[in-house]
Each structure stands twice: as C-alpha cells, then as structure tokens.
Amino acid sequence: MSTLTQTPDSGAREQRSYPSYSRPFWQRVVLSREFAVIALLIAAIVYSRSEVDYFDGPQTMYYLFRDSASILLLALPMTAIIITGEIDLSVASTVGLTSVAFGMLHADAGLSIGLAALVAVLIGAVCGAFNGFLVAYVGLPSIAVTIGTLALYRGIAAGLLGTESRTDFPESWTDLAKERIVEDQPYPMILIPFLVLAIAFGLLLHFSSFGRGIYEIGLNDEAARFTGVDVARTKAVLFVLAGAVAGFVGIYTTLVTGVARAENSVGLELQVIAAVLLGGVSIFGGRGALPGVIAGVLLIGVIQRAMLLNGETVNIINIVIGSLLVLSVMSTSLLALAHRAVAASKGARSSGRTSDSAGKRSLS
Amino acid sequence: MSTTPSATSLSRPSDASPTARVLRDVLRSRELAVAVVLVLLIAVTTAKSSSFLFGSTGWRDLLLTPSMLVLLAVGQTAVIITRNVDLSVGSTMGLTAYLTGRLFIDQPGLPIIVVVLAGIAMGAALGVINGVLVAWGRVPALVITLGTMYIYRGAFLTWAGSDRINAGDMPRAFRDLGTDSILGIPVLTIVALVVLALVGYYLRTARGGRELYAIGSDPDAAGLYGLSVNRRIMFAFVLSGALAGLAGVVSAARFGTVSSTVGSGIELEAVGAAVIGGVAIFGGSGTVWGAALGAFLLVTINRSLPVLGISDFWQQAVVGLLIVGAIVLDRVLVNRQERALIAAREHGPDAGPPVPATSGSAGSDSQEVVR
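Those protein sequence lines, which keep their order, are chains V and Y.
Position 302, counted from 1, in the first sequence is what the numbering used here calls 302; the numbers after and before it change by one each time, with no gaps.
Position 240, counted from 1, in the second sequence is what the numbering used here calls 240; the numbers after and before it change by one each time, with no gaps.
Heads up, a few of these hints could be off.
Said to hold, decoys possible - The calculated label-pair distances, taken between Cβ atoms and stated as ranges, are: (1) Y:265 x V:173: 30 to 40 Å; (2) Y:228 x V:35: 34 to 44 Å; (3) Y:109 x V:266: 18 to 28 Å; (4) Y:57 x V:114: 49 to 59 Å; (5) Y:60 x V:259: 34 to 44 Å; (6) V:112 x Y:309: 28 to 38 Å; (7) V:266 x Y:128: 53 to 63 Å; (8) Y:332 x V:259: 52 to 62 Å.
Claimed, not checked - Which bits of chain Y does chain V cover? Going by a derived footprint, with three or more residues having C-beta under 8 Å, they are: (9) 133–141; (10) 273–282; (11) 307–315; (12) 327–334.
For the record, the hints were derived by calculation from the structure and aren't laboratory data.
We put the beta carbon where it would ideally sit given N, CA and C, even for glycine.
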C-alpha cells in the first residue's frame, strides 16, 4: 500500500534533495566502507589459502580466532563509544586489573572460581563506570580521562601484584577456555560468548532507539539532546559496558594463558582502536557499523597469521598494519575529495560550465 | 583569589602595576600549583631520606632523569595546543636512539655534534610525515600518529633486529655528556632547559607561536582569518618530531645503551605530563612551562615512592590519579571562570563592554587566550 502511494514523481524530488541517497540500495552497499573491508577480508583469506603454506591447515583458523578473541570482544563496546565521538583508552588496563583481581580473589582470598569471575566482571564494570561518570556527567574529554585511568587501572594492578603472578586455576576452566566448540573444527569456545555479545551489541546499535541515539550523539550531541536522547546516560552506559566486557576479557585472557598478572594485554587498547577504525568507524563519531568492525579485526588477524606463517617478523607486520590504518583513514578523505570534485563538476554542468574545468578548480 | 578581580581585569585594561599583574598571574597559574606539589614532594622525600636531594647522585638524578620526558612534553605541548596529539614520539625516540648508536659504530670518525644533528634531523623528518598526513589529509592526528607509531616502531625493530648497542660502541666523550655537569647542573638537563626556554619564548611571544594557540582555540576561525593553519600544524609536528629525535640522542647518552624498548609507552607519559601541567587536550591553552613541570613531577614521583616506603609498582597508579585529578581541577577552574565572565557581562562594575563572544568556546577557559 505504502509503496503504491509513492509516485515516481515524489521519488525524483527526494533524489534531488538528498544527493547521497540518490543511488540505488545495492550501489550504496557496494560503495560503503563496510563492504570494502569485508571484500578485503575475503580477498586476504582467499589469497592466503592459496599462496601461504599451512594457512589452509586445521590449526590456523583456530589460533586466528583464539588470538583475535580479545580484540573482537573489546571492539564491540569500543565501536559504540567511538560512534558517540568519545574514546576509551583504558580497556586494556581494565583487562590487566580484572585479570589480577580474578587471580587474587581465587588464589589469595579463596573465593570459588565462579564467584571470582563474577566479581572480576563487576570490577571491570566499576572501572567503566568511573570513566563514564567523569566523561558523561562531569563532562571531561574522554581521551584525557582514559589516558589517566589507563595509567590508574594498570597501576593498581601492578601495585597489587607487582611482578608476581597467580597460576593455579582449575583445569576444567583453563581447558574450557582453549576447547573447541565441535571436536576437529577450528572454532574455539570463546566464539560462543563473542557471538552472543556481538548479536546483543548489533541489536543495541543497529535495531534499537538507544542505538539511534548513539549515532545521533556522534553526529551532533546538542541536536540529540533536543530530540530527547539522554546523552549523558547513553555515554555512561556504554563506558560501563566497555568495562564489563573488559572484565570478561580479563578472565578469558587469564584462563587461556593460565596466568593472572599485571602486564596482561599491555598495549591492546591501541590494537582495538586500530581495528575499529580500520572497520570503517569514523573517529569523528556518528558513522560505522559492527559488521565492518568485525571484518576489520579479522582482517588484521588474517594478515598477522599469514605473515607469521610466511616467516615475517612481528615488526614487519606492525609496519603493514600501521600503513593499512593510515591508508584506510586517508582513503576516506581522498574519497571525500573525489566526491567534492564530482559534485562540483555536476553542479558546473547544470549551470552551463564544462565539467572538466570545474573539476580541476575544486581540486586545486 | 576572589572572582571579582579576574572579572574586571578581563573586561577592561587592568590599572594594576605591571609587577602586580605579573605577580597575580603567576600566583593564579596552574604552573605554580604543579610546582608547589613538586617542591612538597621533594621536601617530604628529602625529609625521609636526605640523600634523595643532598646525596652525590641524588641531586644529579633529580635533574637528569626528567630531561628526556621534558623534551618530549615540550614537543607534545606544541602539538596539543593546535588541538592535535602525537602518539608516535616514543617510536621516533627509539629510532633516533638506534641511529645514534649505529652512526657511532659505522662512522667512527664522525664528530659528536654531527651525530646529534643527524638524530634531530631524522626526528624532524618523521615529524614531517605526521604533519603532512594530519594537516593535508584532514584526518585526526590520533589516528594518523597511532598508525605511524606502529610503522616507526616496526621500522626501528626491523632495523635493529636483535642488535643491542652497548656502552663500548659509543665514544667516551659522548657518554660523558650523560654524566657531566656544569656548575652542578647536568649537561643534558641544560640542553632540555635551553630547549624549554626557546620553545616557551616562541610560543608566548612570537607570532607563529601565538597562531598555534589561535588555531587550537578554533581551527575554522583561524583559517577564515587567514592564518596558514596547515603550515602551522605541520610546524608543530616537525618540532615534536625533532625534539623526540633529540630525546632519542639524549637517552643514548644517558644510558649508554640502546635496546629495543627505548621509548616504548613514553608517548602516553608525554601526553600525561602535558595534561598534568595544564595543557588542555582540546587545544588552545597551556604552556610548555607547565608541561615541563608535569614531566618533572611524573619522573620525581617514580623516584620518590620507594624512598617513601611505597612500592614503586604503585607509581603508575599515582600518575593516573594525578592526571585524572588535574583534568577535574581544570574543569572546576573553567566553570568558575565562566561564571565570573558571565557575572562581569551581566552586572559588571561599570557596565563596561560585554566580554567578547569567545567566552563560550572551548579555548576560552585559559588565561592564554584571553590574555
């Protein structure tokens, strides 16, 4: 019914007023950043499977998922936070702190392992709530706040445990962290909580009014406030979620490595942010989607694994990933430049000038 | 310290004498607050163990250890003032430290000054890359320098491999620079202080320096006004890179060895030092004096905690608390000043001209912009 009432005429009018939506749906999909990342990921997998020795092997995918799991998990809340235009540099420190707390609660305080895990997740949520309070309610810049708590949380972890570590965890738990979902299949157990969380975050971000609010805040937080979005509460909730997920990653990291120590996951925050940005999330906020981010994390994972199998060192891999990050963000601005040039030439054509000269003019 | 004098001095020329004005500025400054904390820390630590300050190595270490972080914090300040950030300084520092050692090994005859200049030039070149990408790519510096941080660190580690440059590889005269002092002040500290004075003078007085503040306060307005925004931002990154290069050379002289961990993680310390010293992360305000004091404070805390009987594992937590405390304090001061400005506009003593509209913008909190 509603499709019938839409006359071609009104469609044409809309096309003129919203140039970015003038393309058909499939073209918009194909030209999107997310599509580009996913295509790149598939290309990387296809290339690696045919060209890199042992990439095809049964262990490769298993380790790929297992090594990417922490980043995959942390990237979910980070995506939402960056879409609001904020950033959380403290997640890896929260991982370290919850890892230490988990180990000490179990080994020193004698808590049962399940309870220790629960408390560790709560501690992570409290860390996130502290960030969220300072950012959302006190109104401080998140980059400065989370640089501070990056040092603070890691410092508390180091203060509590120093260079010591806690290693005696029940084998049933450490085995569970390393186990596969189905015997002989390359999917580690951690993928189950990841998929659950990914679907939850996907629904939250892309199919809820809370999620619309997140995008609105990123585009213009003042406008969002006027349309009834509780900006402060939204941001605070996201930071709490980031902390809680970091708490879960702290437990996972502890169990999968078998060691609770303060240095767990040092520097991981930058890898998470790099992956999220590579996945097409704009650091300015308001733009990005989870499928792209997940593809971005996996793309980095595939490149790392393929290069490692090829005998490259970690250093070369870092250069490649850094270049990929720079190129991918530069591509956005280069595309914008091209768009402007095209738009300018179109505008010039309609006003009677040749498109050629106008294109040159806007580029210069 | 009531709010009224600040309001009047902002809405019309102050009738106080220049000396009184300078005195009042200093007393109200953020730098003084950091300096007081630093002095208190040193005093308390010295009371606990007199060798912390009066021991033969105590005085030297107190001045010498922060010299690298001061250099980085000064460069970082110039970048942050323009509303950018440079996360690649740690990697740059590692690269130039290794370059320094490499040059001494491969070109034994090279004069020390040439090696130092080569280090600075290399840092500046890496800064040019950051600057070009940030200024002309229209991409946030956080992302670009995160990328170049990986790239430079990867290049450093690839170049260095498993090499480790030892004290024996570097000439005696160069390593002496790391320990020598003039009039009781270590040479490397003098280098850092000279750089601090030059950059501080430039930012406070020179046209280019003032333009950095203008750009950070409102990049669009600065562009519309006709400032060459891109060129200035580029300059800030080159400065930061060059100083990171110098810091790499200084670290080679100070420690006598270059390992693969040089400068790792120090970028966040440099940003932290600037933030503690009152440099606003959203640009437009702050001074290198504050950042340098912040750097001194960070390094001194690290050394004084064990003396005070606290395990130095807690150092990072104290640093984190300081950073969080500093930005909360900033917010409190900004709110107070905003209220004072509004009060001055609404019912000023002589209903003078309204305070310029800049009062609402992000940079207005600072005395720098208003001054």
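Against the structure, the hints come out as follows:
Between residue 265 of chain Y and residue 173 of chain V the beta carbons are some 31 Å apart, a value that agrees with the proposed interval 30 to 40 Å. Evaluation of the 34 to 44 Å hint for residue 228 of chain Y and residue 35 of chain V yields a pass: the beta carbon distance comes to about 38 Å. Between residue 109 of chain Y and residue 266 of chain V the C-beta distance comes to about 41 Å, which lies outside the given range of 18 to 28 Å. For residue 57 of chain Y and residue 114 of chain V, the Cβ-Cβ distance of about 52 Å falls inside the hinted range of 49 to 59 Å, so the restraint holds.
Distance hint check: the CB atoms of residue 60 of chain Y and residue 259 of chain V are about 39 Å apart, consistent with the given range 34 to 44 Å. Hint check: residue 112 of chain V to residue 309 of chain Y, Cβ distance near 35 Å, so the stated range 28 to 38 Å holds. At about 30 Å, the beta-carbon gap between residue 266 of chain V and residue 128 of chain Y misses the expected band of 53 to 63 Å. For residue 332 of chain Y and residue 259 of chain V, the Cβ-Cβ distance of about 42 Å falls outside the hinted range of 52 to 62 Å, so the restraint is violated.
Against chain V, the stretch 133–141 of chain Y contributes 5 residues with a C-beta closer than 8 Å to a partner C-beta. That satisfies the three-residue criterion, and the hint holds. Remark: the stretch 273–282 of chain Y is confirmed as covered by chain V, as 3 of its residues place a Cβ nearer than 8 Å to a Cβ of that chain, reaching the required three. Check on the stretch 307–315 of chain Y: 4 of its residues sit with their Cβ under 8 Å from a Cβ of chain V, so the three-residue criterion for coverage holds. Taking a C-beta to C-beta cut-off of 8 Å, the stretch 327–334 of chain Y contributes 3 residues in contact with chain V, enough for the three needed, and the coverage statement holds.
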